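**Q** All chains, please: the whole structure from these sequences, using the hints.
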Amino acid sequence: DQQVKQNSPSLSVQEGRISILNCDYTNSMFDYFLWYKKYPAEGPTFLISISSIKDKNEDGRFTVFLNKSAKHLSLHIVPSQPGDSAVYFCAASPNAGGTSYGKLTFGQGTILTVHP
Amino acid sequence: DGGITQSPKYLFRKEGQNVTLSCEQNLNHDAMYWYRQDPGQGLRLIYYSQIVNDFQKGDIAEGYSVSREKKESFPLTVTSAQKNPTAFYLCASSIQGRGSYEQYFGPGTRLTVT
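From first to last, the protein sequence lines are chains A and B. Under my numbering, the letters of the first sequence match residues 1 to 116, in that order. Under my numbering, the letters of the second sequence match residues 117 to 230, in that order.
It should be emphasised that the hints constitute simulated quantities derived from the structure, not laboratory data. Since the model is a prediction, treat every value here as computed from it, not as a measurement. Keep in mind that a hint or two might mislead.
Said to hold, decoys possible - Restraint ranges, calculated between C-beta atoms of paired labels, are given here:
#1 GLN172/B / SER74/A: 30 to 36 Å
#2 THR193/B / ILE18/A: 42 to 48 Å
#3 SER51/A / GLN172/B: 22 to 28 Å
#4 PRO82/A / SER196/B: 43 to 49 Å
#5 GLN3/A / SER183/B: 24 to 30 Å
Backbone N, C-alpha and C define an ideal beta-carbon position, used for all residues, glycine too.
**A** Following this line, the structure appears as structure tokens:
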């Protein structure tokens with residue numbers, strides 16, 4: 001039962017263009033969402049997050065959009081750079097407090113390749 | 117430099133043997149986590165601990181055990197009961213409460229059981 005899905009295993013983009021990575025979820029209890037970035041042979045690093053009370057959060061070149069009715073979120077990277085080439089994971093949590101704090105459910109990941 | 121250390125980077129074991137993976141952090145974080153990653157799959161939570169001497173099962177705890185005797189250490193034992201132990205294991209830590217979603221990960225240990 002995959003509660004967080006990234007249906008595109010890979011994405012290839014030209015440098016300077018926009019990269020759009022998508023993520024769908026099924027659990028209506030999820031209300032906090034994050035994107036992590038992972039380079040080969042390293043652990044993931046936190047990139048950006050969004051709470052369900054918002055529909056957009058921006059941090060420099062990275063913007064996350066949340067559509068709660070569609071249970072869909074996306075990460076936009078503008079402009080894309082070759083250094084952005086990595087695996088991107090979306091993650092979700094019920095934010096229910098107590099022992100649920102920090103309990104993340106991850107998607108399968110999308111490999112982004114940005115060509116010079 | 118603050119961070120998370122996992123050792124060793126590669127680990128090989130024979131089937132039927134228990135093996136313990138090390139995770140140490142010097143970030144002064146209260147919460148620590150263990151994840152497993154398999155090819156084509158996301159990270160799956162094995163165990164997590166929000167405070168010393170306390171831990172909770174994640175989504176795939178069967179065949180694993182943990183201890184949290186010190187704030188900076190959260191070792192994971194892969195027991196012989198784990199049916200498919202070969203995987204990439206990641207340890208993470210975070211502050212407690214609402215900041216716990218922003219987790220800091222170690223470099224991982226790749227375990228191969230034959």
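**Q** Range hint 22 to 28 Å: satisfied by the CB atoms of SER51/A and GLN172/B?
**A** holds, 23 Å
**Q** Does the Cβ pair PRO82/A, SER196/B satisfy 43 to 49 Å?
**A** holds, 45 Å
**Q** Given the range 42 to 48 Å, decide if the beta-carbon distance of THR193/B to ILE18/A lies inside it.
**A** holds, 45 Å
**Q** The hint says 30 to 36 Å between GLN172/B and SER74/A; measuring C-beta to C-beta, is that right?
**A** holds, 31 Å
**Q** Just tell me: holds or violated, for the beta carbon distance of GLN3/A and SER183/B against 24 to 30 Å?
**A** Holds, since GLN3/A and SER183/B (Cβ atoms, about 29 Å apart) stay within the stated range.
When each numbered hint is compared with the structure, no violation occurs for any of them.
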